[in-house]
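J.: Just so you know, the protein sequences line up as chains A and B, in that order.
With the working numbering, you'll find the first sequence wraps up at 361, consecutive numbering, no jumps.
With the working numbering, you'll find the second sequence wraps up at 722, consecutive numbering, no jumps.
Because the hints were derived from the structure by calculation, they are not lab data.
Backbone N, C-alpha and C fix where the C-beta goes; we use that ideal spot for every residue, glycine too.
Careful, some of the hints might be misleading.
What the hints assert, rightly or not - For each label pair, taking beta carbons as the anchor points, the in silico distance ranges come out as:
no. : chain 1 : residue 1 : chain 2 : residue 2 : range
1   : B       : Asn676    : A       : Pro286    : 32 to 40 Å
2   : A       : Ser231    : B       : Pro718    : 36 to 44 Å
3   : B       : Gln538    : A       : Val359    : 44 to 52 Å
4   : A       : Gln152    : B       : Gly703    : 47 to 55 Å
5   : A       : Val359    : B       : Ala626    : 46 to 54 Å
Letter by letter, the chains look like this.
2 protein chains.
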Amino acid sequence: MPRPILATIDISALRHNLRIAKARAPGARIWAVVKSNAYGHGLARAIRGFADADGLALIEPDYAMQLRELGWQKPILLLEGFFDMADLDIVTAARLEVTVHRVEQIAMLEAFLAMQTVTKVNIHLKMNSGMNRLGFTPDAFRAAHARLRALQGVGDITLMTHLANADDPLNARLPLQQQIATFERGIAGLAGDRSVANSAVDLMHPELRSDWVRPGVMLYGATPGGGSAKSFGLRPAMTLSSQIIGIQHIAAGEAVGYGSRFISATPMIVGVVACGYADGYPRHAPTGTPVIVDGVRTETVGRVSMDMFSVDLTNVPGAQVGSQVLLWGDGLSVDEVAHAAGTIGYELLCAVAARVPFVEA
Amino acid sequence: MPRPILATIDISALRHNLRIAKARAPGARIWAVVKSNAYGHGLARAIRGFADADGLALIEPDYAMQLRELGWQKPILLLEGFFDMADLDIVTAARLEVTVHRVEQIAMLEAFLAMQTVTKVNIHLKMNSGMNRLGFTPDAFRAAHARLRALQGVGDITLMTHLANADDPLNARLPLQQQIATFERGIAGLAGDRSVANSAVDLMHPELRSDWVRPGVMLYGATPGGGSAKSFGLRPAMTLSSQIIGIQHIAAGEAVGYGSRFISATPMIVGVVACGYADGYPRHAPTGTPVIVDGVRTETVGRVSMDMFSVDLTNVPGAQVGSQVLLWGDGLSVDEVAHAAGTIGYELLCAVAARVPFVEA
Numbered sequence: 001m002p003r004p005i006l007a008t009i010d011i012s013a014l015r016h017n018l019r020i021a022k023a024r025a026p027g028a029r030i031w032a033v034v035k036s037n038a039y040g041h042g043l044a045r046a047i048r049g050f051a052d053a054d055g056l057a058l059i060e061p062d063y064a065m066q067l068r069e070l071g072w073q074k075p076i077l078l079l080e081g082f083f084d085m086a087d088l089d090i091v092t093a094a095r096l097e098v099t100v101h102r103v104e105q106i107a108m109l110e111a112f113l114a115m116q117t118v119t120k121v122n123i124h125l126k127m128n129s130g131m132n133r134l135g136f137t138p139d140a141f142r143a144a145h146a147r148l149r150a151l152q153g154v155g156d157i158t159l160m161t162h163l164a165n166a167d168d169p170l171n172a173r174l175p176l177q178q179q180i181a182t183f184e185r186g187i188a189g190l191a192g193d194r195s196v197a198n199s200a201v202d203l204m205h206p207e208l209r210s211d212w213v214r215p216g217v218m219l220y221g222a223t224p225g226g227g228s229a230k231s232f233g234l235r236p237a238m239t240l241s242s243q244i245i246g247i248q249h250i251a252a253g254e255a256v257g258y259g260s261r262f263i264s265a266t267p268m269i270v271g272v273v274a275c276g277y278a279d280g281y282p283r284h285a286p287t288g289t290p291v292i293v294d295g296v297r298t299e300t301v302g303r304v305s306m307d308m309f310s311v312d313l314t315n316v317p318g319a320q321v322g323s324q325v326l327l328w329g330d331g332l333s334v335d336e337v338a339h340a341a342g343t344i345g346y347e348l349l350c351a352v353a354a355r356v357p358f359v360e361a
Numbered sequence: 362m363p364r365p366i367l368a369t370i371d372i373s374a375l376r377h378n379l380r381i382a383k384a385r386a387p388g389a390r391i392w393a394v395v396k397s398n399a400y401g402h403g404l405a406r407a408i409r410g411f412a413d414a415d416g417l418a419l420i421e422p423d424y425a426m427q428l429r430e431l432g433w434q435k436p437i438l439l440l441e442g443f444f445d446m447a448d449l450d451i452v453t454a455a456r457l458e459v460t461v462h463r464v465e466q467i468a469m470l471e472a473f474l475a476m477q478t479v480t481k482v483n484i485h486l487k488m489n490s491g492m493n494r495l496g497f498t499p500d501a502f503r504a505a506h507a508r509l510r511a512l513q514g515v516g517d518i519t520l521m522t523h524l525a526n527a528d529d530p531l532n533a534r535l536p537l538q539q540q541i542a543t544f545e546r547g548i549a550g551l552a553g554d555r556s557v558a559n560s561a562v563d564l565m566h567p568e569l570r571s572d573w574v575r576p577g578v579m580l581y582g583a584t585p586g587g588g589s590a591k592s593f594g595l596r597p598a599m600t601l602s603s604q605i606i607g608i609q610h611i612a613a614g615e616a617v618g619y620g621s622r623f624i625s626a627t628p629m630i631v632g633v634v635a636c637g638y639a640d641g642y643p644r645h646a647p648t649g650t651p652v653i654v655d656g657v658r659t660e661t662v663g664r665v666s667m668d669m670f671s672v673d674l675t676n677v678p679g680a681q682v683g684s685q686v687l688l689w690g691d692g693l694s695v696d697e698v699a700h701a702a703g704t705i706g707y708e709l710l711c712a713v714a715a716r717v718p719f720v721e722a
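From just these sequences and the hints, can you work out the full model?
T.: The structure is reproduced here in C-alpha cells:
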C-alpha cells in the first residue's frame, strides 16, 4: 500500500474549465497548454479533459510524441520549438507545429527541409515584445519571417508573442499595452494568425485580438492572477488529500518540528499529516498555512518536514488518526496555499511528486 | 529527444559518502535513508551506491517492496511504520522492520500477529523526546514497550527517537541535550539497541551513543547544516545541468521576465536556461542566485518561470545558445542554491521532476 496521501483528478473539471476558456474567447481557437505533464495532472487525463480543444501545446518533444501514442489526432504545438536537429525527426513523425524563437532554429529548419520535400511544418514565430525571454526582437522579426516564408517546407506562420504582465496590466515597468503596441509594430503588414493570449488574457483581456489563445493554469482550475479561480467560474481539477497519522497533546511552551520554530502559547492538540515537501507541499509554507481536517479549516504548525507536517487540531472536534486532510482542492484553493507559501498555484500543481498516487474522481 | 536539461548521478559519490558516514560512527550500524526515491536519486542507484550499508530505511511501503524486487537482501526499515492492516502483509512478505510510533499500530500488530505464528517482526519503538512530531511520550513509551515485548511475534525492539535540532544543538527552545536527556530517562532500564543519529549527529555529534545511525542527506553529498558538505569531505551525487536556449541583448532600463521584477542598470546580455520550477528549480530563487555557465560563475536574473529562467551572460565570454549550464553539482553545491532560495538542499534534491532525464556519470 502507498502512504495515505492521494491526488484525485476530476476530468469533468478540466472539461468545464476548457468551456470557460472558450466562452471567454469567442471565435478564437484554443491551444490547451499541457506542458509539465499537464501541470501535474497527467497527459492521458489531459487528452480526455481537453478533447474539445483545437490543439495541445507543450514544450517537451518526448511528451509530444507520447500524446500521439496516446491517440491525440489534432494539432500539437511545441511552445519552445525544437532544441536540436534530432528533434526535427519527431516534428515530422508526430506532425508537430513548432515555435521558432531564435535564428539558429531557422538555420536548422533550412538544413532539414532541404533534405526532404514531403512535409509542411507550421511555424509559430515568436517575438520578444518586452519580456526579454524567448523570441526575436521586433527589428529581427520581419527578417526571420521572410526567411521562413521563403522555405518550401514551411506551412502557416502564426505571429506569436508572450506577455510578462497580463495579470498586472498596469505594471509600471512594462505595461501590458506597451507590449501589445510593440508586437503590433513588429507584425505590421505581415499576414498570419495572431497568438498572444495566455490564461490571464483569456480571463481578463478579451479586448486583445488573438486568433489562438493558449490557456494553461486556468484549465486546471487555478488563477493566473487578477481574481480567484472561483470568481472566474473555474473548478479545481486536482484535489490533494492525506490523513492524520499521529497526534501529540502538548503543553504551553512546547516546541513543534525542526528548528523548534513554533512554540505553543497554550496547551494544544497537534496532528501530524502524511504529506511533506518531498510530496510537493511547499517547505516555504509557514505556520498558519490553511489546511482542512475533517471538513474544518485549521492551519499548519511549525516547519514542513520531508514527509510530514503538523496541524493544529485543538479546535477540530473528533479529529483522530485517520482523519481526512485536504491540502488543496474543492474548498481550499491551491492558489490560497501557494499565496501563504509565497508562490503561485502553478508551482504547486506541477510539483506533486511521483510517489503520490493519482486516481480519478 | 527530451529537452537539454539532465540530472547525472554519480554512484561512486554515494559510495564515498557512505564510507564517510561509517567512518564518523565507528562501531555503529548504518541505515542508509532512501525515502523519497533516495532523495531523488533513484532506488536502483541507491541499492548500488549503498551496497555496504547494513540496511535501507524509507517511509513508503510500496517502495520498500520495490527494493526487494530490485534485489536488496539486507534489512529494510519503514521509518513511519505501517499505515494500515494491509501494509502488514507487505511487512511480512518483504521482511520489513517497522517503526511503531503510536498505539493504534500496536493494536494492529496484536491483531495481525494473533493470526499467524511464523513471523518475527523487528520493531523500532519511537519516542517523542521533544520534537512533537511522531512517537510516544516518554511516559507512554514504557507501556508501549511492555505491550510489544509481550507479543510472541515481535523480535528485536530498538529504542528510537528523532532530534529536532541536531544541526543547531544550542537551540534555545529545545537544546539537543534536553532531547537526549528526555530520551535517556524514557528508556532507562530497557534493553535494546539505540537509534538516535541522523546525518547531523553522524557528522557533528559522534559523542552521542547510537547503535544505529540513520544518515540521509549527507549520503547524497549535501549538508544537514553545521558546515558545508565539502568541509565534511562529502561529494555531490547529483549534478543538474542544462543549456542556454536563447539570448537577449538588452538596453539599460529594460525588464526581464514575469512581473518585470528585474530592470537592467546597464546594457546586458541575458541568457535563457532550459530549466524552470516545473523541473524542480525553486521559484523562490531570487535574482542573484548562483549559476555556472561554461565554467563561469554568474547569477540568475528575474523570476524563475515554469520552464525557463534567465542568467546574466554579460561577463561570460563566448556564451551562446548551447552553452552548458550547471544548476548544481560539483563546483556549485545544491546547499548554496537552496540557501539563496530560502530553503535546504534536501528539498531541491527531492523535487527534481519526472520530466528531467536521469543518467549515470
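J.: What hints, given by number in increasing order, does this structure fail?
T.: none
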